[in-house]
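Asker: For reference, the chains in residue letters:
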Amino acid sequence: MIATESLSKRYPRVTALDRLSVDVGPGVTGLVGANGAGKSTLIKILLGLSPATEGRAHVLGLDVATEGAAIRERVGYMPEHDCLPPDVSATEFVVHMARMSGLPPAAARERTADTLRHVGLYEERYRPIGGYSTGMKQRVKLAQALVHDPQLVFLDEPTNGLDPVGRDDMLGLIRRIHTDFGISVLVTSHLLGELERTCDHVVVVDGGKLLRSSSTTDFTKTTTTLAIEVTDSDEHPDGTKAVREVLHARGIETHDGGGLPGAGHILLLTAESEDTYDLVRDTVADLGLGLVRMEQRRHHIAEVFTDTDEQRKEAVGHGG
Amino acid sequence: MAVEHPLTQPGEQTRIHNIGYRTYDGPRLGRAYARRSLYSQSLRGAYGLGRSVKSKILPMLLFVVMCVPALIMVAVAVATKAKDLPVDYTRYAVIMQAVIGLYVASQGPQAVSRDLRFKTVPLYFSRPIETSDYVRAKYAALASALFVLTAAPLIVLYVGALLAKLDFADQSKGFGQGLASVALLSLLFAGIALVISAVTPRRGFGIAAVIAALTISYGAVSTVQAIAFERSSSGAVPWLGLFSPITLIDGVQTAFLGASSAFPGQVGPSSAQGLVYLAVVLALIAGCYGLLMRRYRKAGL
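Sequence lines, in order, name chains A and B. Mapping the first sequence onto full-length UniProt numbering, position 88 (from 1) lands on 88, and the numbers just tick up by one. Mapping the second sequence onto full-length UniProt numbering, position 91 (from 1) lands on 91, and the numbers just tick up by one.
No lab work stands behind these hints: they were computed from the structure. In this text, a Cβ means the ideal position worked out from N, Cα and C, and glycines have one as well. Each hint should be verified, as a subset may be incorrect.
[Unchecked claim] Pairs of lysine-lysine residues, derived as DSS-like cross-links and limited to a Cα-Cα distance of at most 30 angstroms, are as follows:
1) B:Lys173 - B:Lys81
2) B:Lys298 - B:Lys119
3) B:Lys173 - A:Lys137
4) B:Lys54 - B:Lys119
5) B:Lys54 - A:Lys137
6) B:Lys298 - A:Lys137
7) B:Lys298 - A:Lys209
8) B:Lys81 - A:Lys137
9) B:Lys54 - B:Lys165
10) B:Lys83 - B:Lys165
11) B:Lys83 - B:Lys173
12) B:Lys173 - B:Lys119
[What the hints assert, rightly or not] Chain A stretches covered by chain B per the calculated footprint, using a threshold of three residues with CB under 8 angstroms from any CB of chain B:
13) 8-14
14) 79-87
15) 97-110
16) 178-184
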């Protein structure tokens, strides 16, 4: 769907993108980064609206530098900011935008009615947009990006400004864009947890550089974190310490469970395979301790985000 | 996504179909079509069509105000069996310049400021159209709207003149010259109004700035012209006319379109000066287009 090759964008004072090479396949892809990480710049280049300083990029197999118009006919774009005139109705506005994408008048009206229904706008679509709630406005913005049935949509911070319920609705809708509508999605966010639930694939950028690109299942499943808690005995007044020493001797690193109240006795360790579970069980049994708990801690992408350079140990150690 | 309620009895039609998402395989008409759609939407918008009732009032009112004097003149000409219309075709727009100024000041900002203010511009440029398509469509739409406003009373006059059985050849020639003049006026005024409005996303500022640009320049030019004429340095009068839009049009039509000048003492430009007038008008139109292109190249996303 999208392929970039050492794509760079430099402004006189800042480097917005620094030799970014990334491949994005079909499905829902999250583009994660802090504010100013280069997400919006990347979308601008991919739409063919801003030339890259160096490097190349293809969207749907089309070169962004030379075939921008053809790309823009086949993709949809939902901007981060408000972009709706308040004095027209959602229907009129989306019909106009459909025609701007090249749909004939009759098709534009039909697709508008369909699309507004799919994003969850019903009777209110005939009222002026000025009276809509934030959630409804986000739906109209989404509808105008989908109305011409693109093959790919760029959604820039679609959950911005929404309350938790609205956020969940929007994320569900984004998921459906791919599963029900068959349209691939590139969605940006600075909230990692959000994308964990929605995306098939996550690309993390920071300071214009690619930090990591892998599927969400890679992020959260292949390395499972185990949390264990053991009892103390007369023989081992500090059971946790005893377990830790034995595990270290077997070559397994552990971390303290963080500074949360009541978490002082929890040991965190990385389970590479099923064997680790057995090893922990046997170790605890051999020491004659009681195993209070052994549970999987699902990785949060946030941990992976800091995992890149040894920061995670610190983060976990300090209760991050 | 097909939801089907099980049939309780065979033949009972209680199915609910949710046909789900339908893809679009129809034609995509591309850039030229999108530009035409934007043009027609903006042209309709300039008369409040497809917008709220409130926004129809002013343009429609000004359109009526523009045409009523023409109707009265025609009525008088027919009733009195006059030999000629009371006003030349080319003179009509100059007399009604305040109405034209008000119209272009109210509709120019409407055409471009809304898109800037509500940040709708990025939605256009994330579609197949380019900066030049947007600028051309908006420019053409406002110029056409102005042409409709200024040509309609001329048509009234022309039809009236033919009804009054005035000389056909004479009237047709005057009508043609009048149309050429208002066409040029429409392009010039639309360009100036759009450039000024595209600078500010605030509609109120845009309206005030356009009115100021048109009336202050005309007021200053006609005052200085009157002083120059009184001091019997009437040679300077035509050159002074270069500095306001309406006197520019007046000069061009005096030199080339058989109009009698509205300058003090009817000291219109000579043919050579007329060429300078025409060059300035065309340069202004081209300059406005260029400035708009520059403005929107920056306003991208």
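Asker: According to a criterion of three or more residues whose C-beta lies within less than 8 angstroms of a C-beta of chain B, is the stretch 79-87 of chain A covered?
Answerer: holds (count 8)
Asker: Within a Cα-Cα threshold of 30 angstroms, do Lys54 (chain B) and Lys165 (chain B) meet the stated pairing?
Answerer: 41 angstroms, violated
Asker: If you look at each residue in the stretch 178-184 of chain A, do at least three have a Cβ nearer than 8 angstroms to any Cβ of chain B?
Answerer: holds (count 3)
Asker: Holds or violated: Lys83 (chain B) with Lys173 (chain B), Cα cutoff 30 angstroms?
Answerer: Holds. Lys83 (chain B) to Lys173 (chain B) sits at ~16 angstroms (cutoff 30 angstroms).
Asker: Under 8 angstroms between beta-carbons, do enough residues of the stretch 8-14 of chain A, three at least, approach chain B for the coverage claim to hold?
Answerer: violated (count 0)
Asker: So if I understand the rule, the pair passes when the alpha-carbon distance is 30 angstroms or less; does Lys173 (chain B) with Lys137 (chain A) pass?
Answerer: Violated: Lys173 (chain B) and Lys137 (chain A) sit about 55 angstroms apart, past 30 angstroms.
Asker: Would the hint linking Lys173 (chain B) and Lys81 (chain B) be met if the CA-CA limit is 30 angstroms?
Answerer: Within the cut-off at roughly 20 angstroms; holds.
Asker: Take the C-alpha atoms of Lys54 (chain B) and Lys137 (chain A), compute the straight-line distance between them, and say whether it is at most 30 angstroms.
Answerer: 24 angstroms, holds
Asker: Holds or violated: are the alpha carbons of Lys298 (chain B) and Lys119 (chain B) at most 30 angstroms from each other?
Answerer: 13 angstroms, holds
Asker: Has the given pair, Lys81 (chain B) with Lys137 (chain A), been kept, meaning a C-alpha gap of at most 30 angstroms?
Answerer: 63 angstroms, violated
Asker: Checking one constraint from the list: CA of Lys173 (chain B) to CA of Lys119 (chain B), max 30 angstroms. Satisfied?
Answerer: Distance of about 47 angstroms is beyond 30 angstroms: violated.
Asker: If you look at each residue in the stretch 97-110 of chain A, do at least three have a Cβ nearer than 8 angstroms to any Cβ of chain B?
Answerer: n = 8 at 8 angstroms, threshold three: holds.
In the structure shown, a violation is registered for the earlier hints numbered 3, 8, 9, 12 and 13, in ascending order.
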